[in-house]
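A.B. asks: Top to bottom, those sequences are chains A and B. The first sequence lines up with residues 2 to 221 when you count with the working numbering. The second sequence lines up with residues 11 to 495 when you count with the working numbering.
For the record, the hints were derived by calculation from the structure and aren't laboratory data. Since the structure is predicted, the reported quantities are computational estimates derived from the model, not experimental observations. Please note that a few of the clues may not be correct.
Pairs of lysine-lysine residues, derived as DSS-like cross-links and limited to a Cα-Cα distance of at most 27 Å, are as follows [stated by the list, open to error]:
#1 Lys190/B - Lys123/A
#2 Lys450/B - Lys395/B
#3 Lys32/B - Lys267/B
#4 Lys267/B - Lys285/B
#5 Lys25/B - Lys123/A
#6 Lys358/B - Lys273/B
#7 Lys25/B - Lys193/B
#8 Lys32/B - Lys193/B
#9 Lys395/B - Lys177/A
#10 Lys190/B - Lys25/B
#11 Lys190/B - Lys177/A
#12 Lys392/B - Lys32/B
#13 Lys123/A - Lys193/B
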Amino acid sequence: MEAFTSLTGLVAPLDRNNIDTDAIVPKQFLKAIVRTGFGRHLFDELRFLDAGELGQDPATRQQNPRFSLNQPRYQGAQILLARENFGCGSSREHAPWAILDYGFRAIVAVSFADIFYDNCFKNGILPIALDAALIDRLFKEVEAAEGYRLSIDLAAQTITTPSRETLDFEIDASRKRSLLEGLDDIAITLADADAIRRYEQLRARQEPWLFDPACRPAIS
Amino acid sequence: MTTATQADTAGKAAKAQTLFDKLWQRHLVKEEPGGPSLLYIDRQLVHDVTSPQSFEGLRLSGRKAWRPETVLATADHNVPTTQLERRSGADGISDPLSRIQVDQLTRNCGDFGIAEFGLGDERQGIVHVIGPEQGFTLPGTSVVAGDSHTSTHGAFAALAFGVGASEAEHVLATQCLALKRLKPMLVRVCGRLPERLSAKDLILNIIGHLGTAGGTGYAIEFAGEAISELSMEGRMTLCNMAIEAGARVGLVAVDDKTIAYVKGRPLAPKGEQWKAAEAYWRTLASDEGAAFDRVVEIDAAGLRPMVTWGTTPEMVVPVDGRVPDPMHEADPVRRGNMQTALEYMGLKGGTPIGQIQLDKVFIGSCTNSRIEDLRVAAAVVKGRKRAPNIRQALVVPGSGLVKRQAEAEGLHQVFLDAGFEWREPGCSMCLGMNADRLGKGERCASTSNRNFEGRQGPGGRTHLVSPAMAAAAAIAGHFVDITQF
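All chains should be built: construct the whole structure from the sequences, respecting the hints.
C.D. replies: Here you go:
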């Protein structure tokens, strides 16, 4: 996973509550068996007026001019500004893959759905939750000033606005470390392999049926 | 520093614990102050759509599955449901991309030593139906799947939740997951559900009350008289949709019904082990006086059949209600969301729910495709005919075994006689990854779990309802009060 340390980037607004994972990447694109290439299908049904299929070139599609990401002023945005409960719905990791592949590295919103939030950290995306009134103000500032950029410093846990105002944000210490260092979470857990094996021995005494071959699905 | 793992606290006099606390503690391998906990995962379900990248990740890093025998796989999301396409198993899938994905699952299971129920296997079905059906899901276990509706398995007092592909890979490789502790919430449902109302009406009501983000960060335990009265199928419906209120985990305590459901299942413990298991499982309930972070009380007796009108499950009203008018909403962001939803749904504020005309009906999904759901729907349909405006009424059983049972009871004939289609098991029109989907502007009464824009097909309009309501709507052509139908 690519590390996330700091970022100064153009902000694009998505002014809606409850942006669900079906909206982030619709089901017809989930037939892929790789992690890459989903950016062209990000927000597909909001972004395009025609129905899209997997792998289709966005240049051949009919863009929805009303959708914010299609406006020239937001091209190249790296920070997505959103409202409440961003990423609700399914566990599909295709949602953060699409967001990352499109070019976003951070999402600033009022709140996030749990599974989506976790999935972001597995992909080097920083989700930042801020107070609703503050988010409301950021929407107004983004709207008012073309080329509006925010600077995010993960180590300091701050966002700096174009007027040099500094906003603090919260993040769990272990998640912060993982992002800053771009750590391999599986390797971290495997370093505790002995503890896992000791735990299994304990559980096998407590609930032997969970370790009994008779309770395992047979391989045909 | 490692603190307070299961081994450390064993034997100490514990304070009153919630069911969630007990399950969390039991699965704790390691815990660091302020950091995430390392949780042990007993069971993993794998399906076609979210797993390819997990296996790809294992291959790229040269890792093996830690305990492949704890994993069960089947294709459900992407599979066709017509007899024609299913007759020759995976080879019969006409969509080449779907077929690649289904074949890939079989290849991955073979390479990593994982048991799979193939498309020709009668035990194939929706992962959240087959886990409990096989006794793969057991009380007191921790269960994950790359699917948010894994909360379903909490009906068995299992700590069950959906994960992304990276977390699924993590569990395959380590049998563990680093997770921040959830907060226990109690939803206590007093009184009894009125006649003909189901767990679906109850959970839609609860979601309407909590909102789609009301359960974020929580594990919701459902308790109270109405929950005790529910069958295991009903409890699965309830826990299934906990995630639609934002809660990754839904839970119901073990009681006689749990024990009776699990007993004799193919993968359930037998003999002496069964006795020990049952004794342990019966401790899986919240202690008297256990503290919850939030308690919500609902009175079941006053509930009405529910129908969603918008594009999130919280946008729900009783069948005798009206589509809400955004002009009465004070909050500008919420008002805007309501207007967007109504525009998408092609509805006007103030319209009586009973006047909404439908095009399609879908009875199925991990929420409502079990034998009890099909029995209820068939009882409504029996001797009646599909309304002329209903272009298609699909019944998709949750598994091959549910299908067989339904056919043994003659339910399929009831549906066929009424002009419904009787299909092969899969997720089908819940998310429309296969050919079962809504066309642009088509309006559907659906027993599934999500009414998001485009969920059942681009431009499709979904109203979430119970199996009885879906069946009645197929007959009437519009929503009706099922307590009078």
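A.B. asks: Hint by hint, say whether it matches the structure.
C.D. replies: Hints versus structure:
no.	hint	result
1	Lys190/B - Lys123/A	14 Å, holds
2	Lys450/B - Lys395/B	26 Å, holds
3	Lys32/B - Lys267/B	20 Å, holds
4	Lys267/B - Lys285/B	16 Å, holds
5	Lys25/B - Lys123/A	36 Å, violated
6	Lys358/B - Lys273/B	50 Å, violated
7	Lys25/B - Lys193/B	17 Å, holds
8	Lys32/B - Lys193/B	13 Å, holds
9	Lys395/B - Lys177/A	59 Å, violated
10	Lys190/B - Lys25/B	21 Å, holds
11	Lys190/B - Lys177/A	14 Å, holds
12	Lys392/B - Lys32/B	45 Å, violated
13	Lys123/A - Lys193/B	22 Å, holds
When the structure is compared with the earlier hints, violations turn up for hints 5, 6, 9, 12 and for no others.
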